[in-house]
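Undergrad: Take the sequence shown: its letters are residues -26 to -1, 1 to 323, numbered as in mature numbering (1 follows the signal peptide of the UniProt record, and there is no 0).
Hints listed in this document are in silico derivations from the structure and should not be mistaken for laboratory results. We treat Cβ as the ideally placed atom computed from N, Cα and C, and that holds for glycine. Mixed in with the good hints, there may be bad ones.
[Stated by the list, open to error] Listed next, the in silico EDC-like pairs over lysine to aspartate or glutamate satisfying Cα-Cα at most 16 Å (straight line):
#: 1; residue 1: K189; residue 2: D48
#: 2; residue 1: K189; residue 2: D163
#: 3; residue 1: K189; residue 2: D318
#: 4; residue 1: K189; residue 2: D143
#: 5; residue 1: K127; residue 2: D113
#: 6; residue 1: K274; residue 2: E263
#: 7; residue 1: K189; residue 2: E240
#: 8; residue 1: K268; residue 2: E228
#: 9; residue 1: K274; residue 2: E246
#: 10; residue 1: K127; residue 2: E107
#: 11; residue 1: K274; residue 2: E316
#: 12; residue 1: K127; residue 2: D47
#: 13; residue 1: K127; residue 2: D48
[Claimed, not checked] Distance ranges between label pairs, derived from CB positions:
#: 14; residue 1: V32; residue 2: N282; range: 18 to 24 Å
#: 15; residue 1: T185; residue 2: S111; range: 35 to 41 Å
#: 16; residue 1: Q36; residue 2: K274; range: 51 to 57 Å
#: 17; residue 1: Q174; residue 2: K274; range: 26 to 32 Å
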Amino acid sequence: MFERRLRAPLLLVLACALAACAPSSAPPEAASTTDARATPDALSEGWLRIAGTDIPRVARSQQDLPVTVRSDDDVEVTITDTARTIVGNDDIVMVMDSLGLSDQVFAAPTNAVTETGRQAQHHFLFNRTTGVEGILSLDGTLFVGNSLRRHGKLAQPLRDAGQTLVIVDELQPIPEKVRKLATVFGHTDEGEQLATQVQQQLDEAARIAATHTRKPRVIHISATGGGGAPAVAGADTAAAGMIRLAGGINVGDEAKVSNYSQLSNEGIVAVEPEVILVSEDDLRVFGGEAGLWKAYPTLKQTPAGLANRVWVMPDTQLKVSSIGGGTGAVALAQALTTLAAELDTAPGA
């Protein structure tokens, strides 16, 4: 049950300063291990874990290869071998997991949040400076990128060097991404099945959200999104889309910024969040509850902080726009329904 607390008076001015997210300057070296980060096993008293339990999956079946697809950088690509796939991010890993192809995840970014990605044989740095030489040194049979912004410049040099490469851009609806990725791996029919299930979940989340008596104000904070610094989710992040679909107001939208952006301590107070939403992996990076409050001390002065209302979600259902997004949206919509009703009946509401 959510703890009832009086909501602070609404501030009239959004007095926040936002800084654009800067890319990491780390070198594009290939790595062999991921970093180990500690996190409390249990959440603090009053905090809630929000997670869906129904991630669509199909039984592994024979791949229909070779297959020719059109990459999102408008290049026709023929794929003959996916046994050693280098993945651009966890959204690709999750679809591979759902197709029963986890063993084909050969290399993944060092900051992978999926278990399959972390257990991959090889890892490489996830940033805009990732180099051609580092990718080629991994000796994969296929590179699947997830971003025209990050992987578009890599595409032609890698193809010229003989690397089979396809991009399925992250900035498109989840069901369409699932269909495209499944086709890349020779599972067109299975992809349609998975995409249909995800769409049904997204529709269910929207239906639940439509019953809310009000839209709670949500702030999603990240430990590393703003160029390695604590940041707030902007309008075009996967998390912001999830919050809107589930019937909440993403306070980062009001600043009209993109990606993850830094927010001043004054700005944190000004946006008056009623819920603090953080992913499991970001909570690890923050260092648990103490680290979260240290990174954003004025969060405690907000309605969410005064109520100690912190919700923790799996990265794969909140920050990764992939096959877990549907069940995550349903879980978040249900939690926001309860909170909306509670806020409406609170003294002074």
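Undergrad: The structure should be examined with respect to each hint, and the outcome stated for every one.
TA: Results for each hint:
no.: 1; hint: K189 x D48; result: violated, 40 Å
no.: 2; hint: K189 x D163; result: violated, 38 Å
no.: 3; hint: K189 x D318; result: holds, 11 Å
no.: 4; hint: K189 x D143; result: violated, 30 Å
no.: 5; hint: K127 x D113; result: violated, 19 Å
no.: 6; hint: K274 x E263; result: holds, 12 Å
no.: 7; hint: K189 x E240; result: violated, 23 Å
no.: 8; hint: K268 x E228; result: violated, 24 Å
no.: 9; hint: K274 x E246; result: holds, 11 Å
no.: 10; hint: K127 x E107; result: holds, 13 Å
no.: 11; hint: K274 x E316; result: violated, 20 Å
no.: 12; hint: K127 x D47; result: holds, 10 Å
no.: 13; hint: K127 x D48; result: holds, 13 Å
no.: 14; hint: V32 x N282: 18 to 24 Å; result: violated, 41 Å
no.: 15; hint: T185 x S111: 35 to 41 Å; result: violated, 53 Å
no.: 16; hint: Q36 x K274: 51 to 57 Å; result: holds, 55 Å
no.: 17; hint: Q174 x K274: 26 to 32 Å; result: violated, 39 Å
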